[in-house]
Structure formats: structure tokens, C-alpha cells
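Following the hints, put chain R in place on chain D, whose structure we already have.
Number of protein chains: 2
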Amino acid sequence: MKFNPVIEHLKTYEPGKPIELVVREFGIDPKDIVKLASNENPKGCSPKAAKVVADAASLMYRYPDDSMMELKAALCQRFGISEKEIIIGAGSDQIIEFLCHAKLYGGAKILQSEVTFAMYQIYAAACGASVIKAPGLAHDLDAMYKLYKEHEPEIIFICAPNNPTGDCLDLKDIENFIEKIDENTLVVVDGAYQEYASYKDPNKAINPADLINKFSNTIYLGTFSKAYGLGGMRVGYGIASEHIIKSLYKLRPPFNVTTLSLIAAVESLKDSEFVEESIKECFEQMNSYIEFAQKFGIKVIESYTNFITYILDGINDSTFIADALLRQGIIVRNLKGYGLNAIRITIGKENENQRFFNAMQELLKTGK
Amino acid sequence: MKFNPVIEHLKTYEPGKPIELVVREFGIDPKDIVKLASNENPKGCSPKAAKVVADAASLMYRYPDDSMMELKAALCQRFGISEKEIIIGAGSDQIIEFLCHAKLYGGAKILQSEVTFAMYQIYAAACGASVIKAPGLAHDLDAMYKLYKEHEPEIIFICAPNNPTGDCLDLKDIENFIEKIDENTLVVVDGAYQEYASYKDPNKAINPADLINKFSNTIYLGTFSKAYGLGGMRVGYGIASEHIIKSLYKLRPPFNVTTLSLIAAVESLKDSEFVEESIKECFEQMNSYIEFAQKFGIKVIESYTNFITYILDGINDSTFIADALLRQGIIVRNLKGYGLNAIRITIGKENENQRFFNAMQELLKTGK
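First to last, the sequence lines map onto chains D and R.
If you're matching positions, the first sequence starts at 1193 in this note's numbering and goes up one per residue.
If you're matching positions, the second sequence starts at 1193 in this note's numbering and goes up one per residue.
For the record, the hints were derived by calculation from the structure and aren't laboratory data.
Mixed in with the good hints, there may be bad ones.
Remember, identical chains collapse to one label, so a pair may be satisfied in a single copy or spanning two.
Unchecked claim - Cut-off 30 angstroms, straight-line C-alpha distance, at most; resulting in silico cross-link-like pairs (DSSO-like, lysine-lysine):
no.	residue 1	residue 2
1	Lys-1438	Lys-1406
2	Lys-1301	Lys-1341
3	Lys-1194	Lys-1341
4	Lys-1223	Lys-1240
5	Lys-1194	Lys-1338
6	Lys-1243	Lys-1541
7	Lys-1325	Lys-1438
8	Lys-1392	Lys-1528
9	Lys-1338	Lys-1528
10	Lys-1528	Lys-1438
11	Lys-1223	Lys-1243
12	Lys-1372	Lys-1338
13	Lys-1372	Lys-1438
Only chain D is shown next, with the shape it has when bound in the complex:
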């Protein structure tokens, strides 16, 4: 059977190995597995949200409220925007999918930084678009501007903070960049880790309402998967001018967020104490990762997220390290697929981090 030739060459996203797979492959007891691969919140989710969802479990038979009235109202209040300026997706991933389908057709192009969230190029490729990459570990906005002038891409992706490196552009630099971009090019500012960045450094903090009021060609993406601890429930959102949201809405499948996900997100949004605690503890624990790296001469990228990236050049091979850790039940993300000899480690709970340090220390000492 013949299929759209576009899909022939598609690569699939390689997610962090789930605990189930490690259990199966290495026969390790699930309770001995430390998963530091998918930037999940190590504190879990808001206990209040878990309680409300548990109480609502028997509602699973009801289709979700497709207007998402309650969650939208809560997000609009939070961000000071109108209901016409927001769209909710099955993770912010799905918003990326919508906007690729909306903007990319007939020989289209996207522009992104070389090392950034993998799904941009995966969704773009599924639309048959080509991907222009500005070289470098961090977003090089000057290089991106040159490439924008040269290639005239339909979409420009800015990931702030950037995944999988952890660094973050200053808001003023992002704004200076977008100012130079024409009205018909969609600029995506992916703020999946913004809660962490804005806590650590006000220069990195993005106010989505301000951003879209200044730039009518810009969409801000947020998610409940990280600081809010709902990675498993697939809830994210896009905030943009009404004309963009209206077009994306046409591509939204009905019931794209589950009944329990909506309930979980509404409740999690109320529990700001849990989010603040999560972020505070994350940066406290991150200090041990920085100290460990200094002790062993590992280069780290300053992180504004809930993960840290260890560059292993001159130290060891990232595939060797990631695999060796995996055999001990410690799951980290090998960044070899991004062209880096590096591993990305989610900041876990203290005991989980200690497991990582102990195992890593042993590997670095023996060199194998």
C-alpha cells in the first residue's frame, strides 16, 4: 500500500525510557529504579489534585467538557488574557502539532536552534517541511536572524529555557529578536520550563499576555507536565492573538484532553504552594549536581529548568555512561542523538540524586 511519501523518512521521538522497559530489560525491581530521564517532578503531583482526581475516577465514562470552560477560565485569570487567546492541547506538544499543520504546506521551512526540543522538527517533517538550524549549543539569535532573512521560514521556534540544554535566553533578547521578524512568520516561544526560569532569574521571566500584546505573530506555549507534575495527563496550552488561536482551533480534534486531565489541571493550578515548593527543592538539589560536576571536572550548562546537562567531552562517552547507569536501574537521557557527548539528568529527590552520584563516581573512577 502506498502512503504519503512524506512519512517514509519520518523519525519517531525517542522518549526517556519508561520504568516498565527497564524492569523488563534488566529485571530490576521497580522500586530500585531511579528515573531521571523525562524531567518529571520528583515530588510527584499536587496531593490535592491527586485527591480530587481519585474522587472523580468514576466519571471516566463521561466525555470531557469539550469547551474546557473551567480550565480555560482559570488559565485566563492566571495570565490576564481572554478566552479567545488560549487553546488547550494534549500537552503543549499538541499545540506544536496544530501550528505545524496550520502554517507548513507546500515546501515550507522552520527555523530553530541546532540543539533544542526534538518535537519541533518531528512535527515539521510530518508536514513535509524542511528544518533550518542555527548552529551552537545555545540559541544564537544573531545567527537565527541571518538564517531567517536567508530562508524566510514559516515558523521560528525559540525554547526558553531550552530543552535539552537547560540554558535560557533573557526576555529582552527574545523581544529584540521578535521585533525584527515580519508579521507573517509565526514565532513560537516555548515556555515549558518557564516556572523554573522565572523563579531563578527575573530576566528570564516571560509574561505571556505582555508578549502576545507586543507581538501579534507570537504564540507562547506552557505546560502542566513539568512544575505542575502532570506529565502523565497531557495538558498544555498555547497563548496567542485571537486570529492565531482561531486558526489552530480548526485543527483541534474534539475531546483532546481527558476528563480526569481537566480536573487534575484545574486543581493543580490552585495549589501554587506545591509548585513553589517543587521549584525551590529542585534548585536546592541542583547545587549538589553542580558541586559533583566541579569535583570531577565535568562541564555543566547553567540550568534554568528541573534538569542539568553534563557535557562529558574529555571525561567519557555519554552512551557508555548512560548505558552503564541504566544497567544499575538509573535512567538518564543520553544526548548523543542530539549530536552531543552529554547526558541530561532530571533533578530528583535527594536519595535519588545520591544514587546517581554514587554510581557516577564509581564509573568515573574506574573509567569504564
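The following block gives chain R in isolation, referenced to the frame of chain D:
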């Protein structure tokens, strides 16, 4: 901002009005609302599944097992197929989306019956395809074959049982039809309501493994949204030959089914007693709908699903009836948008059905 011209003319799916909306519009107490509009299971979901999900609520922070190992294994065992012959989606809707993206490009066409599940043409239109419709209330396979020869569509949709009419083709007729279709045309057999049809009449029962072994160009769709009572959790599946599944997989976004949805589906699949009871009670209650229709001279279509369609020609206007019921807190589906003067009513619990009969009787007596 310019968008893909394809999306300019897209219509959005009109789902059954959620209870939240009726509460808001008419100020009716939620407990007084009877929702018979979305073919949800009036018994709810499996209490065992609800229990397991409630106990697992604190796992919402973990990304789903993206291999969906456990659910796939359970479905493979249930259907006697291999893991390479199944793909799991956020509802069977999402499988329809995948296969439209996989097959429809560059002036493509789909073929379907005139009155059938609305999402086929919505997803096809989003891919820029045109929609060929065989006229008639029921699937007219002879007419469909003629249109197939004339238009050479990329995809043919067969909905068995058909939504929103409730009738169902015999398996042998479906097979005789597919036998005449060339290898490169994808035939979709949507079995969203198959659990009901196969209970009522073995001639309607489809065995997905047999179907795909006979026809390598055919995909069978199933769902947990109806008999399994998990409409809110968005879990469906496609069963087809490996070469089809492999192509669809390339279009699957990672983590397309939530952590709690996977748990719910696995557990629901075990609770066959709940499903059987649901179906039995559905057909028991359906008898009252048939009797009521006979009493008032309303034409019904014989239903092999958990809903029934009342044709109101010569009786009243379906928009008037649906709106009048809505104002009393009784939500049914007006089929005017499908070109029918008819309403589709989900078979509810006895007291819910009684509410419908009382209100309907009053409307039919007064004629307004």
C-alpha cells in the same frame, strides 16, 4: 497571518452538549440533567477500573509508558493478534486522524456513506481531501462500489454499526464488498459499537483478526469509549496488517494516551462482566424506546448500538424537539446537521429514559 488555505473552510465537530453548558445556559441543577447525547455508558465505567485509577492518581506526574506494553499485550491476547498489528490512539478518532494523514495528500478522496460518523470527513478535509458520499440513510454498498470505481478514493470508511443511525451491515456483505477493492485503497471498518452489535446478532459480529488476515488493505477500529465506559479517557485502537500499522506509527505523537487512561483501559478489559451487563441492560431498556415510538407513530431505525434514532418526519421538527427537551435538562442529539429530521437518543438508565418519555410525550401531545 497566512495559514494553510485548507484550514480556512474547515468545520469543527459539534459534540453532544456537555452538562456544564446546559447548567450554564439554562441554570438547571446538574443533578436534574439527563444526558442522552454522547452515547456514554449509562452504567458509568467498571467500578474495578475506577478503583484502580483512584489508587493510582498520585502517578499522574509520570509520563505514560510510551510502548503501552501492558495494554497492547492485553488487546493482542483478546483479539489473537501480534503487537505489530495494533496501534493505540487517544480514542479511535486519533487513528482516523493518523490514517487520513498517511493516505491523503495531493488531491486525495475519501468515500463514505452519506449519513455516518462526522469525524471521517472532518479529518479528511483537514488534509485537503474531498469527500465522496454514497446517498441513503444506510450504507449502500452497491452505490459505494460504483463510486469507488468512478472516483478511485484513497480511503473507504465503513461504520458497522453505523453512527448516528444505529443500523449495521452484515459481516458477509462487508467482506463481499472489500473483496472487490484494490490493494492500494485503505478500507476502514469502524467497530466503535461492535460490542453491542455482536451481542445482538452474530451476523454483525466482526473478528478483527479474521478481517485483517483476509484483507491486508483493511484496518479495524475499536474503542473503550462506549461499552467499556471510558469515553472521558480517550482510548481507542486500530488493528491492521503490519505494513499499515508501521506507517501509522510514524504519525503517532509520543505519549498520546495518558497514564491513567492506560491503567483504566487495562483494568476495564479484565472486567468483562461489567461490559456484558452494560450491553444486556442497554437492549432491555431499548425495548421501551421501541414501544414508545410505536405508540406515537415515530419511525425508528433498528439499532445495534447503545443509542436509537427517532425519525420525526410527519411528527415534528427535530430542532424544535431537541431544543424543547434541552430546556428541560434532557440532552439528546439533533441530527439536522446530518440532513435528517431526526434525533439520536443514547439509551440511558431506566429513570433517565422515563424522564425522556414523559417530556417527549408532553411535546408530542401539545405539538409544540
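Cross-check of the supplied hints:
1. Only within a single protomer do Lys-1438 and Lys-1406 lie at most 30 angstroms apart by alpha-carbon distance; the minimum there is 19 angstroms, versus 44 angstroms between protomers.
2. In the homo-oligomer, the alpha carbons of Lys-1301 and Lys-1341 lie at most 30 angstroms apart inside one protomer (12 angstroms), although the nearest pairing across protomers, at 38 angstroms, exceeds that limit.
3. Taking the shortest Cα distances, Lys-1194 and Lys-1341 sit within 30 angstroms of each other only across copies (18 angstroms), while inside one copy they are farther apart (37 angstroms).
4. When the C-alpha separation of Lys-1223 and Lys-1240 is checked against a cutoff of 30 angstroms, the pair qualifies both within a copy, at 24 angstroms, and between copies, at 25 angstroms.
5. Taking CA atoms no more than 30 angstroms apart as the test, Lys-1194 paired with Lys-1338 passes between copies only; the shortest distance there is 22 angstroms, against 39 angstroms inside one copy.
6. In this assembly of identical chains, the alpha carbons of Lys-1243 and Lys-1541 lie at most 30 angstroms apart whether taken from the same copy (22 angstroms) or from different copies (28 angstroms).
7. For the identical chains of this complex, Lys-1325 and Lys-1438 are neighbours both inside a copy (29 angstroms) and across copies (29 angstroms), given an alpha-carbon limit of 30 angstroms.
8. Taking CA atoms no more than 30 angstroms apart as the test, Lys-1392 paired with Lys-1528 passes inside one copy only; the shortest distance there is 28 angstroms, against 56 angstroms between copies.
9. In the homo-oligomer, the alpha carbons of Lys-1338 and Lys-1528 lie at most 30 angstroms apart inside one protomer (27 angstroms), although the nearest pairing across protomers, at 54 angstroms, exceeds that limit.
10. Taking the closest pair of Cα atoms, Lys-1528 and Lys-1438 come within 30 angstroms of each other only across two copies (25 angstroms); inside a single copy the shortest separation is 39 angstroms, beyond that limit.
11. When the C-alpha separation of Lys-1223 and Lys-1243 is checked against a cutoff of 30 angstroms, the pair qualifies both within a copy, at 23 angstroms, and between copies, at 22 angstroms.
12. Within a single copy, Lys-1372 and Lys-1338 get their C-alpha atoms as close as 11 angstroms, which meets the 30 angstroms cut-off; across copies the closest is 56 angstroms, which misses it.
13. Taking identical chains as interchangeable, the C-alpha atoms of Lys-1372 and Lys-1438 lie at most 30 angstroms apart only when both belong to the same chain, with a minimum of 25 angstroms there against 43 angstroms between chains.
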